[in-house]
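K.L.:
One letter stands for each residue in the lines below.
Number of protein chains: 2
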Amino acid sequence: MGTRIALDAMGGDRGPMVTVEGAVAAAREFNLSVVLVGNEEEISKALKQHAATGLGIAIRHAPETVGMQESPSAALRKKKQSSIRVGLELVKNREADAFISAGNTGAVMATALITLGPLPGVERPAIALIIPTLKGQSILLDAGANADCKARHLLQFAIMGDVYARQVMGKRLPTVGLLSIGEEESKGNELTREAFKGLEEDQTLNFIGNVEGREVLTGAADVIVCDGFTGNIALKIIEGAAEFFTRLLKEELGKGLAGMAGALLARGAFKRFKKVVDYTEYGGAPLLGVRGICIISHGRSSAKAFKNAIRAAAECVDNKVLEHITEGIAVS
Amino acid sequence: MGTRIALDAMGGDRGPMVTVEGAVAAAREFNLSVVLVGNEEEISKALKQHAATGLGIAIRHAPETVGMQESPSAALRKKKQSSIRVGLELVKNREADAFISAGNTGAVMATALITLGPLPGVERPAIALIIPTLKGQSILLDAGANADCKARHLLQFAIMGDVYARQVMGKRLPTVGLLSIGEEESKGNELTREAFKGLEEDQTLNFIGNVEGREVLTGAADVIVCDGFTGNIALKIIEGAAEFFTRLLKEELGKGLAGMAGALLARGAFKRFKKVVDYTEYGGAPLLGVRGICIISHGRSSAKAFKNAIRAAAECVDNKVLEHITEGIAVS
Numbered sequence: 001m002g003t004r005i006a007l008d009a010m011g012g013d014r015g016p017m018v019t020v021e022g023a024v025a026a027a028r029e030f031n032l033s034v035v036l037v038g039n040e041e042e043i044s045k046a047l048k049q050h051a052a053t054g055l056g057i058a059i060r061h062a063p064e065t066v067g068m069q070e071s072p073s074a075a076l077r078k079k080k081q082s083s084i085r086v087g088l089e090l091v092k093n094r095e096a097d098a099f100i101s102a103g104n105t106g107a108v109m110a111t112a113l114i115t116l117g118p119l120p121g122v123e124r125p126a127i128a129l130i131i132p133t134l135k136g137q138s139i140l141l142d143a144g145a146n147a148d149c150k151a152r153h154l155l156q157f158a159i160m161g162d163v164y165a166r167q168v169m170g171k172r173l174p175t176v177g178l179l180s181i182g183e184e185e186s187k188g189n190e191l192t193r194e195a196f197k198g199l200e201e202d203q204t205l206n207f208i209g210n211v212e213g214r215e216v217l218t219g220a221a222d223v224i225v226c227d228g229f230t231g232n233i234a235l236k237i238i239e240g241a242a243e244f245f246t247r248l249l250k251e252e253l254g255k256g257l258a259g260m261a262g263a264l265l266a267r268g269a270f271k272r273f274k275k276v277v278d279y280t281e282y283g284g285a286p287l288l289g290v291r292g293i294c295i296i297s298h299g300r301s302s303a304k305a306f307k308n309a310i311r312a313a314a315e316c317v318d319n320k321v322l323e324h325i326t327e328g329i330a331v332s
Numbered sequence: 001m002g003t004r005i006a007l008d009a010m011g012g013d014r015g016p017m018v019t020v021e022g023a024v025a026a027a028r029e030f031n032l033s034v035v036l037v038g039n040e041e042e043i044s045k046a047l048k049q050h051a052a053t054g055l056g057i058a059i060r061h062a063p064e065t066v067g068m069q070e071s072p073s074a075a076l077r078k079k080k081q082s083s084i085r086v087g088l089e090l091v092k093n094r095e096a097d098a099f100i101s102a103g104n105t106g107a108v109m110a111t112a113l114i115t116l117g118p119l120p121g122v123e124r125p126a127i128a129l130i131i132p133t134l135k136g137q138s139i140l141l142d143a144g145a146n147a148d149c150k151a152r153h154l155l156q157f158a159i160m161g162d163v164y165a166r167q168v169m170g171k172r173l174p175t176v177g178l179l180s181i182g183e184e185e186s187k188g189n190e191l192t193r194e195a196f197k198g199l200e201e202d203q204t205l206n207f208i209g210n211v212e213g214r215e216v217l218t219g220a221a222d223v224i225v226c227d228g229f230t231g232n233i234a235l236k237i238i239e240g241a242a243e244f245f246t247r248l249l250k251e252e253l254g255k256g257l258a259g260m261a262g263a264l265l266a267r268g269a270f271k272r273f274k275k276v277v278d279y280t281e282y283g284g285a286p287l288l289g290v291r292g293i294c295i296i297s298h299g300r301s302s303a304k305a306f307k308n309a310i311r312a313a314a315e316c317v318d319n320k321v322l323e324h325i326t327e328g329i330a331v332s
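Chains as they are written, first to last, in the working numbering: chain A, 1 to 332; chain B, 1 to 332.
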């Protein structure tokens with residue numbers, strides 16, 4: 001029996017119509033089966049629009065849904081039958097190998113921590129963000145799970161990111177950089193100066209030292225580690241900058257006849273540009289360090305993004321990411 | 001006698017040729033005089049290329065220059081006759097009202113702290129960054145002077161930023177935001193949660209709560225406060241993102257005939273775009289909280305950037321920024 005991926009069918013801004021389309025595409029293209037978790041009636045209705053028979057797609061009914069604005073702790077306490085909870089319990093009970101949700105990020109994270117628990121030795125699971133760079137892709141973690149960190153947490157993030165970069169992103173000897181405010185070891189804040197020493201001492205990592213904010217998008221390191229506060233600020237600024245530059249260029253291109261003609265001709269280029277910048281193309285952000293594969297997708301995810309997230313989850317399973325993280329943490 | 005601005009003529013990637021051009025333009029356009037500090041021979045040579053007689057431009061010889069890669073502490077110890085040191089001493093001795101340098105940022109900062117010292121009550125002077133937004137301009141501080149901060153430092157940054165936004169940027173009741181990772185008061189790290197309380201209690205500030213990284217470039221707040229580590233990461237990521245998006249668009253626009261034609265037609269738009277993004281247009285980053293006006297300009301500053309920095313420095317003097325900061329700190 002192949003890999004089974006549980007997908008929160010209710011997650012994402014457009015719900016089952018988009019999640020189901022992504023699941024059907026994944027089941028058709030890849031050698032895996034998908035369990036759609038959520039309101040059975042709605043899922044069945046969405047499934048009927050696709051020739052999905054014989055594709056290995058199952059439904060697991062979950063009567064409750066967590067709203068995007070709902071408090072994660074309230075959802076955790078009150079909604080024991082939510083699609084998020086039910087999906088993660090499938091992973092816990094080994095009825096599924098991985099869980100993907102584009103629902104309320106805080107609720108997915110909190111429920112995964114409680115339901116699955118951390119892998120042996122992992123003190124702080126982290127959200128890993130796949131970012132497009134001039135050289136391809138890098139992974140940045142923690143992107144927001146832990147606002148306050150100790151140096152040893154950053155070392156664990158590096159180990160987990162290194163495993164993901166090797167096993168899923170196909171990087172041979174991933175370079176690991178510490179996000180800081182100067183290249184020299186002496187630069188940075190108390191946290192990064194201490195973390196620098198630990199990263200340098202670890203013999204299993206290809207640590208290249210500090211990387212500055214400017215180098216995040218140039219691809220200076222395959223794995224970039226930082227505390228969750230800094231990582232989340234970085235992520236949101238990159239998102240905001242993409243919006244800012246796109247809007248500015250559109251405004252400028254709209255000025256004058258030549259600009260308008262240019263805008264028309266450049267439309268194809270714009271589309272490709274947006275695609276590179278739009279990280280939903282990369283499927284989602286893995287929550288690394290919990291006892292199970294869990295990928296948090298963006299609320300705006302398209303069917304293609306869900307398909308990509310399902311593939312990424314399957315690759316985590318096939319390449320034994322959990323086992324490699326456990327080993328890596330054990331020897332560190 | 002009018003406002004006298006001391007300019008480090010040796011600072012910046014292209015030295016006296018560019019700094020002198022900026023000084024001449026400022027002396028011509030604004031009602032002020034400029035003291036060019038640095039190698040007298042080189043400055044005189046550069047001055048001869050401009051019809052600068054009678055413009056109120058003086059030279060103060062400084063035989064030493066601090067290199068861009070030089071250690072700030074070594075420069076401070078060994079180069080007592082550097083253009084940075086001599087220029088800041090002009091301010092200290094009231095022979096000049098302000099100092100501007102595009103030289104080694106660390107050396108300018110360290111020398112300003114030692115030579116001028118902090119204003120009464122200011123615990124940590126901060127670098128303030130003027131950033132372009134969709135609404136105009138905001139000021140973000142600290143952009144890198146203090147890697148580790150306490151909550152009370154962030155409150156002082158807010159007070160200093162508020163004064164600058166009112167007195168120099170012409171904002172009436174500047175909104176003040178705390179850079180954090182969620183809008184609610186409970187979100188953030190230990191530092192921002194504590195700083196939130198202090199900012200909320202201060203009756204002189206128009207505090208609007210947390211702002212997320214995504215909102216920095218939309219202009220959600222006129223004054224954005226954060227610790228110097230986070231601020232420097234933010235600044236460098238914005239710089240890196242501008243380079244990334246410009247490069248990506250150029251590559252995409254270069255693809256195919258339509259793309260190339262589009263690129264040609266869009267060239268004017270590109271130029272305007274770069275101008276908005278290029279923060280050197282805004283003159284430089286004021287170092288707020290020291291006993292004297294000091295503006296740190298970017299190494300790549302153009303003559304126009306130096307002219308703008310000179311104007312900003314003069315506005316700080318005319319609008320009594322130092323006095324207002326001292327008062328603001330005293331009542332907080």
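FYI, nobody ran anything at the bench for these hints, they're computed from the structure. Check before you lean on any hint, since a few could be wrong.
Partial selection, computed: residues in chain A whose CB lies under 7 Å from chain B [unchecked claim]:
| id | residue |
| --- | --- |
| 1 | Phe30 |
| 2 | Glu239 |
| 3 | Ile329 |
| 4 | Ala330 |
Residues of chain A placed beyond 10 Å of chain B at every Cβ, according to the derived structure [unchecked claim]:
| id | residue |
| --- | --- |
| 5 | Met68 |
| 6 | Thr133 |
| 7 | Gly188 |
| 8 | Glu190 |
| 9 | Glu200 |
| 10 | Thr204 |
| 11 | Arg214 |
| 12 | Gly228 |
| 13 | Lys236 |
| 14 | Ile238 |
| 15 | Gly240 |
| 16 | Ala242 |
| 17 | Leu249 |
| 18 | Ser302 |
| 19 | Glu315 |
As the structure is a computational prediction, the values presented were derived from the model and not from experiment. We put the CB at the ideal spot given by N, CA and C, even for glycine.
K.L.:
Hints first: check each against the structure and report whether it holds.
P.N.:
Against the structure, the hints:
{"no.": "1", "hint": "Phe30", "in the structure": "29 Å, violated"}
{"no.": "2", "hint": "Glu239", "in the structure": "5 Å, holds"}
{"no.": "3", "hint": "Ile329", "in the structure": "24 Å, violated"}
{"no.": "4", "hint": "Ala330", "in the structure": "29 Å, violated"}
{"no.": "5", "hint": "Met68", "in the structure": "14 Å, holds"}
{"no.": "6", "hint": "Thr133", "in the structure": "8 Å, violated"}
{"no.": "7", "hint": "Gly188", "in the structure": "6 Å, violated"}
{"no.": "8", "hint": "Glu190", "in the structure": "5 Å, violated"}
{"no.": "9", "hint": "Glu200", "in the structure": "19 Å, holds"}
{"no.": "10", "hint": "Thr204", "in the structure": "27 Å, holds"}
{"no.": "11", "hint": "Arg214", "in the structure": "4 Å, violated"}
{"no.": "12", "hint": "Gly228", "in the structure": "8 Å, violated"}
{"no.": "13", "hint": "Lys236", "in the structure": "3 Å, violated"}
{"no.": "14", "hint": "Ile238", "in the structure": "6 Å, violated"}
{"no.": "15", "hint": "Gly240", "in the structure": "4 Å, violated"}
{"no.": "16", "hint": "Ala242", "in the structure": "7 Å, violated"}
{"no.": "17", "hint": "Leu249", "in the structure": "6 Å, violated"}
{"no.": "18", "hint": "Ser302", "in the structure": "20 Å, holds"}
{"no.": "19", "hint": "Glu315", "in the structure": "26 Å, holds"}
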